[in-house]
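Hey, can you work out the whole structure from these sequences and the hints?
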Amino acid sequence: NAGVTQTPKFQVLKTGQSMTLQCAQDMNHNSMYWYRQDPGMGLRLIYYSASEGTTDKGEVPNGYNVSRLNKREFSLRLESAAPSQTSVYFCASRAGTWGEKLFFGSGTQLSVL
Amino acid sequence: GQQLNQSPQSMFIQEGEDVSMNCTSSSIFNTWLWYKQDPGEGPVLLIALYKAGELTSNGRLTAQFGITRKDSFLNISASIPSDVGIYFCAGQLDFGNEKLTFGTGTRLTIIP
Numbered sequence: 001n002a003g004v005t006q007t008p009k010f011q012v013l014k015t016g017q018s019m020t021l022q023c024a025q026d027m028n029h030n031s032m033y034w035y036r037q038d039p040g041m042g043l044r045l046i047y048y049s050a051s052e053g054t055t056d057k058g059e060v061p062n063g064y065n066v067s068r069l070n071k072r073e074f075s076l077r078l079e080s081a082a083p084s085q086t087s088v089y090f091c092a093s094r095a096g097t098w099g100e101k102l103f104f105g106s107g108t109q110l111s112v113l
Numbered sequence: 001g002q003q004l005n006q007s008p009q010s011m012f013i014q015e016g017e018d019v020s021m022n023c024t025s026s027s028i029f030n031t032w033l034w035y036k037q038d039p040g041e042g043p044v045l046l047i048a049l050y051k052a053g054e055l056t057s058n059g060r061l062t063a064q065f066g067i068t069r070k071d072s073f074l075n076i077s078a079s080i081p082s083d084v085g086i087y088f089c090a091g092q093l094d095f096g097n098e099k100l101t102f103g104t105g106t107r108l109t110i111i112p
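First to last, the sequence lines map onto chains L and Y. Numbering follows our numbering, in which position 89 of the first sequence is assigned residue number 89; successive positions increment by one, without gaps. Numbering follows our numbering, in which position 100 of the second sequence is assigned residue number 100; successive positions increment by one, without gaps.
Simulated from the structure, these hints should not be mistaken for lab results. This structure is a prediction, so every number in the text was calculated from the model and none was measured. A virtual CB, placed ideally from N, CA and C, is assigned to each residue, including glycine. Among the hints, a few may not be true.
Simulated DEER-style distance windows between Cβ atoms [to be verified]: (1) Y/Lys-99 with L/Met-27: 29 to 37 Å; (2) L/Arg-77 with Y/Ser-20: 36 to 44 Å; (3) Y/Ile-67 with L/Ser-18: 45 to 53 Å.
Under 7 Å between C-beta atoms, here's a sample of chain L residues computed to sit facing chain Y [as the list claims (entries may be wrong)]: (4) Gly-40; (5) Gly-42; (6) Leu-43; (7) Leu-45; (8) Phe-90; (9) Gly-96; (10) Phe-104; (11) Ser-106; (12) Gly-107.
Right under this line is the structure:
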């Protein structure tokens with residue numbers, strides 16, 4: 001099993017460019033999440049999807065959109081990248097919502113110049 | 001919103017030493033989790049705590065759910081080189097609340 005797979009692993013964008021971060025999980029999990037990690041800030045939730053067909057805002061959703069394409073895939077889109085979005089992005093999934101183990105992907109390091 | 005403060009922010013220890021770190025919150029949680037992140041990887045769950053006062057071990061790791069529900073502690077005994085990484089606490093408030101709040105992390109370095 002691959003677990004949670006994120007692509008790309010690294011990306012450099014210019015301000016104003018758009019891109020989509022892809023995430024797929026092969027564990028048949030219902031819930032999927034996007035986090036960003038910044039130095040000294042821990043992990044902050046951007047968006048989540050409790051089940052196929054639903055998405056909700058997390059702590060820092062501004063500047064991002066998401067799509068839960070099917071049960072396996074949950075993508076994160078930056079429509080017009082800004083330097084403040086330079087960060088490491090993690091996708092995660094878990095079977096349910098209460099006390100279930102959260103599995104993380106290996107991250108996407110994004111730099112916006 | 002809720003904030004989790006972890007301390008210390010970083011630790012430099014020698015192999016074989018014991019390690020203690022803690023996490024405090026401005027409000028209560030009903031689940032506390034401890035994760036470890038290796039360089040270039042996503043966090044991996046170490047220990048989950050579901051009850052106030054609970055003390056749970058996983059090998060050399062021991063974690064406690066504070067009795068006030070506003071704090072948690074992680075101890076590592078007899079540290080080894082593979083313990084190097086960033087340790088995060090995380091709290092979840094209640095059932096149906098999707099948000100898992102993460103602490104700011106404790107970076108552990110082992111001095112040769």
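Hints, verified against the model:
{"no.": "1", "hint": "Y/Lys-99 with L/Met-27: 29 to 37 Å", "verdict": "21 Å, violated"}
{"no.": "2", "hint": "L/Arg-77 with Y/Ser-20: 36 to 44 Å", "verdict": "42 Å, holds"}
{"no.": "3", "hint": "Y/Ile-67 with L/Ser-18: 45 to 53 Å", "verdict": "49 Å, holds"}
{"no.": "4", "hint": "Gly-40", "verdict": "6 Å, holds"}
{"no.": "5", "hint": "Gly-42", "verdict": "4 Å, holds"}
{"no.": "6", "hint": "Leu-43", "verdict": "4 Å, holds"}
{"no.": "7", "hint": "Leu-45", "verdict": "6 Å, holds"}
{"no.": "8", "hint": "Phe-90", "verdict": "5 Å, holds"}
{"no.": "9", "hint": "Gly-96", "verdict": "9 Å, violated"}
{"no.": "10", "hint": "Phe-104", "verdict": "3 Å, holds"}
{"no.": "11", "hint": "Ser-106", "verdict": "5 Å, holds"}
{"no.": "12", "hint": "Gly-107", "verdict": "6 Å, holds"}
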